[in-house]
Amino acid sequence: MSTQEINDDRIALLQGTLDLLILKTLVLGPCHGQGVARQIQRQSEDVFLVDHGSLYVALQRLEDRKWIRAKWGVSDNNRKARFYSLTPKGREQLMEKTGEWRRLTRAMGLILDSSGGLQGEEA
Amino acid sequence: MFRRKRSAQDFAEEIKAHLAIEAEELKSEGLSEDRARWQARREFGNVRVAQERFYLRGRWVGLDRLMRDVRFGLRSLRQSPGFAATAILTLALGIGANTAVFSVMNAVLLRSLPVSDPDRLVYLRTSNPPRGTGTIDSNQTFSYSVYDVLRRQSGGLSPLIAYVPLSGSKVAVRYDAQPEEAEGDMVSGTFFSGLGVNLPLGRGFSQEDETNHSPIAVIGYNYWTRRFARSPDVIGKTLYVNGVPTTIVGIAAKGFEGLEPGGSTDFWIPLQSRRELNAWGNPPEDGKTYIADPKWWCLRMIARLAPGVSRTQALAQLQPIFQTSANVRMGGSPMEGEKPPVLSLADAKNFPGYDQTYGSPLRILMAMVGLVLLIALANVVMLLMARNAARQREFSVRQALGAGRGELLRQLLTESLILVSAGGALAWGFAEMATRLLGQWAQIESSLAPDKTVLLFTLGVLLIAALLFGLAPLRVALAGKAELALKTSAATSNANAGKSRTGKIIVALQMALCVVLLVGAGLLIRTLRNLENTPLGINVDGLVVFGVKPDLPSIPVGRAFYQNLIGKLRVLPGVESVSVSEERLGSGWSDNSDMQVDGRLPDVANGASRTVRSNVAGPDFFRTLGVPVLQGRDFADSDTASSPHVGIVNEQFAQRFLPNLNPLGHTIGTDDGSYTMTIIGVVKDHKYRSIDEEPIPMAWYEYAQIPMAGPMNVEMRVHGDPLAILPSARKTVQQIDPNLPLIRPMTQRAQFETTISYQILFARLAGFFGFLAVVLVATGLYGTLAYRVSMRTAEIGVRMAVGARREQVVWMILKDSLLLTAVGVALGIPLAMTVGHALASSLYGVKPLDAVTYLLAVVGVTVVALAATAVPAGRAASVDPMRALRTE
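Chain order of the listed sequences is A and B. Quick note on the working numbering: the first sequence kicks off at 1 and runs consecutively. Quick note on the working numbering: the second sequence kicks off at 124 and runs consecutively.
I should point out that these hints are in silico values taken from the structure, not numbers from a laboratory. None of the values given here were measured: they were computed from a predicted structure. Quick reminder that beta carbons are idealized off the backbone N, C-alpha and C, glycines included. Check each hint, because a few of them may be wrong.
Heads up, incomplete: computed chain B residues facing chain A, CB under 10 Å, no partners named [said to hold, decoys possible]: (1) E145; (2) E166; (3) A173; (4) Q174; (5) A469.
Produce the entire structure from the sequences given, and follow the hints as far as they go.
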């Protein structure tokens, strides 16, 4: 019936970035899926669009890899929810992935910021 | 992963929780309850997709899909259990019959001897034995002296192996106290080492064992299992063979059952040289055993080609040596005008003797079950096509809903895979059972159990079946285009499939094959009837026979023994008369030689054979057998060693050698004239060796008068059940000598029936497969017709609505199947005639073109066709036009 209209300001997440964002979010403490989604959206100042379906599949994937662990608990507003927390292995992965991401963004920045690129050709 | 996998339900729960929390938060942000819930759901996106991705995570997608296909296939088969059961059972019968017959064929004709490198083994054969020699088989047996010469000179055949049974049937053995009988061979020292047979326990024989005639024995694995419960303690124990103690020194490998054609040897001893252990259990002739008698060709020989030597080379080297040694008694040269015997080598790879006996019947049976399989496969294909045609709407709908052709194909293949697997498993069970029964009936003692080759064969058949069943109906399934589903009505969408020409062709072919099978079965069953009803010329009712093999150190001891035995048996209650004979009637054996008549070898008119079959018999012999004495008298107690030698001949003898003369009073004797006797009686011709033989000239010696004493068969005519006399007969025999078992005790009728046992088996099997074919054709025909009628319900309704009468409708249906029958019969008759000719050698008293058999086969097929049509036709006629039309 209703096709989902996408807010133009939002960016679909890059492949592989979701895992990193989840791990980062969980550093702050155990959280349930909805909370993770909210936090990512909020902290990215609503730029990222988190597909919830993908989020849960990603959560499960990380759990299968034993980077995070899960436990059913009760949320702030007294609802039953599945709480995720980082494992030591997950913490290591977070460090590693953060490093990778920093290197990637730096390299991207270097290329995109270099002077005389597009303009030079146009001129 | 050690912990339990998370369930999809748990995952769904989590998503539900998410939606609830989200909605709660949105509500707290000021949205209405409904709006909040809607918003939460919207934000989440496609829940189902998330769940499916969760489900597929970390699975091998292909396997998962297969499992789903299988489950789907099972579900759809469960919806039509009648179809599934019929298809599976049909397959199981068709494939089971093939597996069973193939496994017998494999065991009997294809499997190699369980020895090392069987391809290098050869049997020694001779074109003919020198004149004047006695043989067991004129092409396959040799004298000890020939063996001895060849063994010393045969570089090309190394080693050379000789073997000979201790008896034509079984020999008396004793282990502990109980006398019993077993099959034993005397073999050369090279037997086990030369063949390459392993001995899991103990040792085999050496050349010294042969030279010294060591009293040792190796026992067969089966005998070890059956008699000694595989106890390793038997090594070193004593086995008495015909009263001679031998020490058990080894056990032969499992699966090796000796080299005796069609038999299973229980034990082997090295070649012996003593009276009690003569070859074939014969009494020594003129005091000589087989070793000292160059005129008795009784040993079989097998050899291994030496490395690097071809058959031709080995033969070229041995031929002159053989020909000289063969005529050793004549100073190395053959008699005048005599062709020298020619040595040849024959393949020894397979089990001995089976090909002769079972080769052609087995091949014919294999062909028969092949036809049965064709019919069965055709049946299932037709069932599948009918079923899938009826499912055309289902396929169309599924195609319309987006199922690809690949998916439909996969589904069809999966369904056929399920059918074939179930049918195959059941077939294997059938085959195991059937081979066990076959083995019992055919008295094949070697193992017939299906092995790896058979498994591969069966899997091959199953694979073909699976592909056939998957692909054949695909055409029908895909024929229905997606748009067909919604457009058309039942009547039109099914019309094409209902009148399918392929279906008609298959039915007609099945009928043709059915005719072939019925004719084949009919011919064989009539053969069996003829054999069973062949008059033997002997009154076998109340006649029982058993062998005794006493230790007889001299001829007078022998005479006394049998006189004593006959006397004691005669007075047992219920006994009418008792006699003895050297050779057992109906055993398939006979002693053939030339005989002198009135002092010389008789002239025979028109080149007829001079061969006379002879036997040695005791008093009252013909009265005991119930064979009429036409002239003169029977042997009597008054014929003794000291009275004049007397003999009896049959009608054939009298007609051929003493034509138009009164045979009584003429003198006949052995071919060298060393023993003569006066004819005192002429008896009516009767069956002697087997049921299906023609009578030939025969003569009987009186047992007490000949210069020989050996084992005999005792014939007893009794009142009532013949076998009931055996316990008291056994007691009587063992009163005289506690070492003596009764050898092969059985009724004389049963003894004769052993000579047609394989024809009986063959006919029964053929009859069974013919019956199976009829049942399959009937079900196939019924299924097809019933289906076609149901597809034409609407048409029939219309016809009846516009005035067609019931008879017309019935006739319409009947005409259809009669036409198919006619086509099938027309195709089947010439095929059946070919098969009949192929069977000719297996027939007795019936011609390959026996009109009655063909007629019965045609009538049979027609009756089946009519019966299978009757029900659907009746149903068609009772169609209510209104209802039929309303189904539109």
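Now the hints, each set against the structure:
{"no.": "1", "hint": "E145", "verdict": "holds, 5 Å"}
{"no.": "2", "hint": "E166", "verdict": "holds, 7 Å"}
{"no.": "3", "hint": "A173", "verdict": "holds, 3 Å"}
{"no.": "4", "hint": "Q174", "verdict": "holds, 8 Å"}
{"no.": "5", "hint": "A469", "verdict": "violated, 69 Å"}
Hint compliance for this structure: hint 5 is the single one not met.
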